[in-house]
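Each protein sequence line maps, in turn, to chains A and B.
Reading the first sequence from the start, the letters are residues 1 to 256 in our numbering.
Reading the second sequence from the start, the letters are residues 1001 to 1063 in our numbering.
To be clear, the hints were calculated from the coordinates, so they are not data collected in a lab.
The structure displayed is predicted, hence computed values, not measured ones.
Certain hints may be false.
Taking lysine to any residue and the SDA-like style, the derived pairs with C-alpha atoms no more than 25 Å apart in a straight line are [unchecked claim]: (1) Lys230/A / Gly241/A; (2) Lys12/A / Thr99/A; (3) Lys1036/B / Gln56/A; (4) Lys215/A / Arg1053/B; (5) Lys48/A / Phe1034/B; (6) Lys1036/B / Gly241/A; (7) Lys201/A / Arg162/A; (8) Lys169/A / Pro1030/B; (9) Lys97/A / Thr1045/B; (10) Lys1046/B / Asp34/A; (11) Lys1033/B / Lys237/A; (12) Lys12/A / Asp67/A; (13) Lys1046/B / Ser26/A; (14) Lys115/A / Ile236/A; (15) Lys1036/B / Ala52/A; (16) Lys13/A / Asp67/A; (17) Lys97/A / Arg1053/B; (18) Lys13/A / Thr1040/B; (19) Lys71/A / Asn144/A; (20) Lys71/A / Thr1045/B; (21) Lys179/A / Asn144/A; (22) Lys48/A / Ala1044/B; (23) Lys219/A / Glu249/A; (24) Lys12/A / Lys120/A; (25) Lys237/A / Asp225/A; (26) Lys13/A / Ala52/A; (27) Lys12/A / Ala53/A; (28) Lys256/A / Asp238/A; (29) Lys157/A / Arg17/A; (30) Lys1046/B / Glu33/A; (31) Lys253/A / Ala1024/B; (32) Lys1046/B / Thr1062/B; (33) Lys1036/B / Arg2/A; (34) Lys38/A / Ala1024/B; (35) Lys13/A / Ala152/A; (36) Lys151/A / Asp1049/B; (37) Lys48/A / Thr1062/B; (38) Lys1033/B / Ala49/A.
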Amino acid sequence: MRGVPHLNELNKKYRERGFEIVAVSSEAAGTIEDKMVKGASASFGVVKADIAALYQTNGIPHGWVLDAEGKCIWEGHPAQLNDAQIEEWIKDLAPGKITREVQKPLKASVEAYNKGQFGKAFEAVAEHLTSEDAKVKADAEYVNGVIEKRKAAGEAKAKKLRDAGDLVKLLPVLEEEAKGWEGSEYGKACGDEAKTVKASKEYKLCAKAADAWAKLEPKLNDLADDKAAKALEKFIKDFAGTPQAKLAEERLKDLK
Amino acid sequence: MKATALGLLALASVLFAGSLSAVAVGEMGPDFKFDKSWNTIEGATKLSDYRERVVLVERWATN
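Bound conformation, chain A alone (with noise of 0.2 Å):
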């Protein structure tokens, strides 16, 4: 219980950015009821649940920080979780949905943006921005600042997978904004660039290469060294320049 009030005021500060805790114990919910939720006064997510067998550690408390794909990025003790490793697991993070009430003329703009239609929600909040109303231009100036900060996590997720050459992966992404940026010239950029990546060999390489190394991967254990050496530069050859490539470059280097 002692580290309550640490993970309380990384709660306070995070979680509207997208940083969410999930304390787990699997003791009777009277327990956990009034010693964590009452007793400590724990801001924070708490669940009952049992988790043992799935997440071992030696010693609790323990934590594990999970990524926006569920990819395990940090482990160790709660208390070492400090500001700047945070600051820095959120930096791309894509807003989440608008809960704060704001002024009437801008509820198209944010019932829009709730719905995942960017572009008609960056249209919608623009005259407002200029609105000789100072709460409701406030209020423009921070829904306009939502919807910018979710078209650079876009970008910035597009442009992760493009320097990776993850064009199987990349596809989809450029799809959903075109999709989500109808209207707008950033939206048919995306669209754009989806069309041009389906179409290029590329493209076509990278689903290959998906598809081969989903086959090849789980067989490599049954084979022996030698036999698994040569499928894997055989691999590496057939698909150079691929994600799937380098994946079988690091297994390769494992076996010598």
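Starting from the known structure of chain A, fit chain B onto it as the hints suggest.
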């Protein structure tokens, strides 16, 4: 009888060892359902309801 018990014990330990896992950095954090929850975001009933966010899963106990 004793042999059967030992056999069962061996089998059980193999099964147990197979189901135990520590989640390491780079691996996927397994999903789990919440039996009961407090202060969690709108209607979340399992860990995967938090996808698209960064989550700290913390194991704790009162004793």
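Hints versus structure:
1. Lys230/A / Gly241/A: At roughly 18 Å apart (the allowed maximum being 25 Å), glycine 241/A and lysine 230/A satisfy the hint.
2. Lys12/A / Thr99/A: holds (16 Å)
3. Lys1036/B / Gln56/A: holds (21 Å)
4. Lys215/A / Arg1053/B: Since the Cα atoms of lysine 215/A and arginine 1053/B sit roughly 31 Å apart, the hinted pair is violated (cutoff 25 Å).
5. Lys48/A / Phe1034/B: Holds, at roughly 6 Å.
6. Lys1036/B / Gly241/A: Not satisfied, since the Cα-Cα distance of roughly 47 Å exceeds 25 Å.
7. Lys201/A / Arg162/A: holds (15 Å)
8. Lys169/A / Pro1030/B: holds (22 Å)
9. Lys97/A / Thr1045/B: Distance ~19 Å between lysine 97/A and threonine 1045/B Cα, so the pair holds.
10. Lys1046/B / Asp34/A: Status holds; Cα separation ~22 Å.
11. Lys1033/B / Lys237/A: Outside the cut-off at roughly 44 Å; violated.
12. Lys12/A / Asp67/A: With Cα atoms ~19 Å apart, lysine 12/A and aspartate 67/A stay inside 25 Å; holds.
13. Lys1046/B / Ser26/A: holds (15 Å)
14. Lys115/A / Ile236/A: Measuring from Cα to Cα gives roughly 43 Å; hence the hint is violated.
15. Lys1036/B / Ala52/A: The given pair, whose Cα atoms are some 16 Å apart, holds under the 25 Å limit.
16. Lys13/A / Asp67/A: holds (18 Å)
17. Lys97/A / Arg1053/B: Since the Cα atoms of lysine 97/A and arginine 1053/B sit roughly 12 Å apart, the hinted pair holds (cutoff 25 Å).
18. Lys13/A / Thr1040/B: Measuring from Cα to Cα gives roughly 16 Å; hence the hint holds.
19. Lys71/A / Asn144/A: Distance ~31 Å between lysine 71/A and asparagine 144/A Cα, so the pair is violated.
20. Lys71/A / Thr1045/B: holds (19 Å)
21. Lys179/A / Asn144/A: Cα-Cα ~19 Å, so holds.
22. Lys48/A / Ala1044/B: holds (13 Å)
23. Lys219/A / Glu249/A: The hint holds at about 16 Å.
24. Lys12/A / Lys120/A: Violated: lysine 12/A and lysine 120/A sit about 31 Å apart, past 25 Å.
25. Lys237/A / Asp225/A: Distance of about 18 Å is within 25 Å: holds.
26. Lys13/A / Ala52/A: violated (29 Å)
27. Lys12/A / Ala53/A: Violated, at about 30 Å.
28. Lys256/A / Asp238/A: holds (20 Å)
29. Lys157/A / Arg17/A: Answer holds: lysine 157/A to arginine 17/A is near 17 Å, not above 25 Å.
30. Lys1046/B / Glu33/A: Holds: lysine 1046/B and glutamate 33/A sit about 19 Å apart, inside 25 Å.
31. Lys253/A / Ala1024/B: With Cα atoms ~21 Å apart, lysine 253/A and alanine 1024/B stay inside 25 Å; holds.
32. Lys1046/B / Thr1062/B: With Cα atoms ~22 Å apart, lysine 1046/B and threonine 1062/B stay inside 25 Å; holds.
33. Lys1036/B / Arg2/A: Cα-Cα ~23 Å, so holds.
34. Lys38/A / Ala1024/B: violated (32 Å)
35. Lys13/A / Ala152/A: Roughly 21 Å between the alpha carbons, so the hint for lysine 13/A and alanine 152/A holds.
36. Lys151/A / Asp1049/B: holds (23 Å)
37. Lys48/A / Thr1062/B: holds (13 Å)
38. Lys1033/B / Ala49/A: It holds: about 7 Å lies between the C-alpha atoms, which stays within 25 Å.
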